[in-house]
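A.B. asks: The chain contents come next:
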Amino acid sequence: MKEHLTRRQLAWAAAGSAAAVSLASALYAQSPPADPELEKARESHRQNSETLAKFDIAMSVEPAFQFKA
Amino acid sequence: MTDDIFFSGIADLNARLQKREFSAVELVKSFSERLTKLGPRYNALALSLSDIAVKRAKQIDDEFKRGRLRGPLQGIPFAAKDLLAFAGYPTTWGAKPYAAQVFDETATVLRRLDSTGSILIGKLAMVELAGGGGYRTAAASLFGPGLNPWDVTRWSGGSSSGSGSAVAAGLVPFALGSETSGSIISPSAYCGITGLRPTYGLVSRHGAMALSWTMDKIGPMCRSAEDCGLVLETIAGSDSNDPGSAGKSFYYTPQYARQFSDLKIGFSPDDIGWADDAARPAFQAAMQVMRGIGAQMVEVSLPDLPYGPLADVIIGAEEASVFEPLIRSEQINSLADASQAAALRANLEIPATEYLKAMRIRSVLRQKFRELFGGVDVLLAPARYNVAPRITEPLDAPDPVRVPVPASPGMRRLIQAGNLAGIPALSLPCGFSNNLPLALQLAGPAFTENTLLALGREFQNRTDWHKRRPPQPA
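Protein chains in written order, with our numbering: chain C, 9 to 77; chain W, 10 to 483.
Only chain W is shown next, with the shape it has when bound in the complex (with noise of 0.2 angstroms):
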């Protein structure tokens, strides 16, 4: 097998699997010896699922002799972010106090992948605890640094951060990663990868580790929109195990889009102006194929609402919940960032009311975003306005000063605010600053994924920046 099987999207992989180019067991011997030997070059890998992989491929092979064809996904290889839990083995949450934590029960997400012959060949590094504490450095992990396959001085970004190097690299078609504030949207970005954050609710999250009940989604993390789409109607769905599931099915149906004519896009003007000098070029590129698409561009401004301190509220109050046990033992200490550490002690000081407080005015910024999209159909912004940080940067330093200042915030605050909102956004490559990936994202009402998916993959069948390689490791 050659290079280009590493960087293959899934429909070619299934393809060629059906044509019997090669077989299931090939295919996944090759991907897990690719993840085994490269992932620790990046501390991208947690566990190696090798051998249990070869055993299902050899399942999958068989069904394929027989013509049993389950989807697009049947014999494809994938890992998944240490926070989903598989049955019998180590599901750390990136966390020195978990590293031999065993569950007895699979995640849905990984289930259903499985039912559709999809196949896990390893579990991949994040951020401690998802990072919802808030983190200093891109070492909080209980694997290392997250380091980014286009640069290694470079972070892959968090809290998903193997799933988006893994991606990157080509160690798997596709990994699944989490988000609660960021954790899908920033590492795609970094990384130069497609990744979706699903409508909260649409994806189950049973077996996953909770930061923060109302505001955890379980997403793909892929090399297209496209593929994002396959994988996003296998892993979405009904599930009583979770209460927040919202009981919604997703069929990806781009075929059935709507005119790209008949869409308006909400960008703000001065998004560029916030973005570092080097990045201007690209995002200002992207934007015009954007425009090229045929979609109507209306300029809005997002609600101005106090989105950090609401999102710092809420996770840490959720969050404090949850770790209550940790954060009250001795172990607490063992965590990697200290900054961590302590955010998750004062968090317990958060007040009943101060958090309800903040819920309150999340209901409030749910109906502003209602009347947002009474007027357009997808808000556009850069995923992230610079290009992924070295490793020996503190993560929690200011904004930079922009000179001159622009005359409005634009989207800067999209992704805490897409998540206090609870609606799905596709970050998509689109273009190069300095060698490193630069990223769009789009944005839109609640279970829209299919209008940003078709968006997404016209704007990829008029680039090739998701196309583009990182540099193979000596």
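If we strip away everything but chain C, and leave its shape as in the complex, we get (with noise of 0.2 angstroms):
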């Protein structure tokens, strides 16, 4: 069933919605930068990835490690 709003609820709606970016702005404005150790590893990382993306292997090579039962 679909639900109407008054013209007064969707103002108060806007209004939230308004007062929600806001503090989201500000919680974000607040919170410490991040870690730029961690973010040039995860860029490390990133890189790394990108290059083991371009290399195609065929789906019968299997992982160079055994399992033993």
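Simulated from the structure, these hints should not be mistaken for lab results. Be a bit skeptical, because a hint or two may be false.
Said to hold, decoys possible - Computed list of lysine to aspartate or glutamate pairs in DMTMM-like fashion (alpha-carbon distance at most 20 angstroms, straight line):
| # | chain 1 | residue 1 | chain 2 | residue 2 |
| --- | --- | --- | --- | --- |
| 1 | W | Lys377 | C | Glu70 |
| 2 | W | Lys366 | C | Glu47 |
| 3 | W | Lys38 | W | Asp13 |
| 4 | C | Lys48 | W | Glu402 |
| 5 | C | Lys48 | W | Glu363 |
| 6 | C | Lys62 | W | Glu363 |
| 7 | C | Lys62 | W | Asp313 |
| 8 | C | Lys48 | W | Asp13 |
Reassemble the complex: the two chains are provided individually, in unrelated frames, and hints are given to aid placement.
C.D. replies: Quick look at the structure:
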């Protein structure tokens, strides 16, 4: 069933959204900056990922370790 | 005892013990005093075990008196990288979070050495957690930066820093190191000693800190190829406590080595172009000595594979699993190197699919190395293309630009490639640049340590770089 909102309810909702956006912006501004060392390590991972992704490998190639039962 | 004792080879020391020129107690006391006095000057000493070593030496002297001979290592003092457990004593792994860690079991390699009468006199400093996360500074250690005996403003290399310094400075006749991706070869090269990275699985890792289960190796760091062979014979062998054990033994038999004229040595002529300018004459001269041995020299190139990313992903994923409790704790912040702590955190985010892909590419790598070794018996390259860096230099700086740029990458990634392939390598001092040691690296197929050692021994019969001594500290 579709719910109908009055114009007053719509106004409250809009005001609430604006407040939420404002609050999020404020929180973002107050949050500590990202750890540059961690970001550097992640960037290195991204580059590794891209390099390995370019490497086509046949389905028959198994990882270089053996499971022994 | 004269200073010559501190730079003698294992066989010579053992012969003199047998002749009663000095006792095992005297030898152990002399080396222990030297290690305790000079070790801290190079930030090389993690723990002196002098007291217990002297007690053990008394037992060995009794054995000599009774005529019970155990082989060339009997009565020889040594020290071990502080990633090997020695029951009842601290094993710090070079890292503050583990500074008070004590195990109740001794590592297999230390038990094997004890069984042949070799005497552990100390534990040696190392880069924290063997540096697997990647570290930016030489100071990434509980013990401070490893200082190079040839020039204390320079790094001794990592992660077996103390092992490199201690052998070079004559503080021990030999040491144990470990290598996941360069940690024996690099400090051996920078410190001017002879280091052997064994084939994966030949030497038990039981009782050693795990960094990467599929890449960790333990090996000897000595004065000569000959000494590496003697130590390897003792520490190699099957161990049911090590899931990676190859179940193979090793007997040092240079007398049965193949004729050198039958050997094909693969090299890249572009390697010289990648070396520092000042290092090139020494490398060229050393290559000439190798040619003079009589083996056939064959130009080759390494398979074109992403060695760096492969090693990063495999070591990163495995160490993240090993150290997950540490990484998720506040103690991670007490590591000396912030970049290593950050890398360890980031390694927890490596997807399983990426690790598996890297391990699948590693299968391709192994096959390509089998093909490469179908055409040559040994690979020859500079161990490091530069001398030891200053301790103040960032270790993660990009490689220097070479002009002109060599036509091919040469063997520059041989350390990473060789570790990924699990093959053995030997670092041999081969000259100096600005009074700092340079080294060649020999690598061969799995379980061909005797071939590498025989070639290394012949190279050292023709040169004296391995006999050079660093300046005595004031």
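A.B. asks: Has the given pair, C:Lys48 with W:Glu363, been kept, meaning a C-alpha gap of at most 20 angstroms?
C.D. replies: Between C:Lys48 and W:Glu363 the Cα gap is close to 19 angstroms, so the pair holds against 20 angstroms.
A.B. asks: Mind checking the alpha carbons of C:Lys48 and W:Asp13 for me, to see if they're no more than 20 angstroms apart?
C.D. replies: Given that 20 angstroms is the threshold and the Cα spacing comes to 49 angstroms, the pair is violated.
A.B. asks: Taking 20 angstroms as the top limit, are the C-alpha atoms of W:Lys38 and W:Asp13 close enough?
C.D. replies: holds, 15 angstroms
A.B. asks: Hint check: W:Lys377 vs C:Glu70, CA-CA at most 20 angstroms. Holds or violated?
C.D. replies: Holds: W:Lys377 and C:Glu70 sit about 15 angstroms apart, inside 20 angstroms.
A.B. asks: Between the alpha carbons of C:Lys62 and W:Glu363, is the straight-line distance 20 angstroms or under?
C.D. replies: Measuring from Cα to Cα gives roughly 12 angstroms; hence the hint holds.
A.B. asks: Starting from W:Lys366, check that the Cα of C:Glu47 is at most 20 angstroms away, please.
C.D. replies: violated, 23 angstroms
A.B. asks: Please work out if C:Lys48 and W:Glu402 have their alpha carbons no farther apart than 20 angstroms.
C.D. replies: OK: C:Lys48 and W:Glu402 at ~19 angstroms, within 20 angstroms.
A.B. asks: Regarding the pair C:Lys62 and W:Asp313, is the alpha-carbon distance no greater than 20 angstroms?
C.D. replies: Distance of about 13 angstroms is within 20 angstroms: holds.
When each numbered hint is compared with the structure, violations occur for hints 2, 8.
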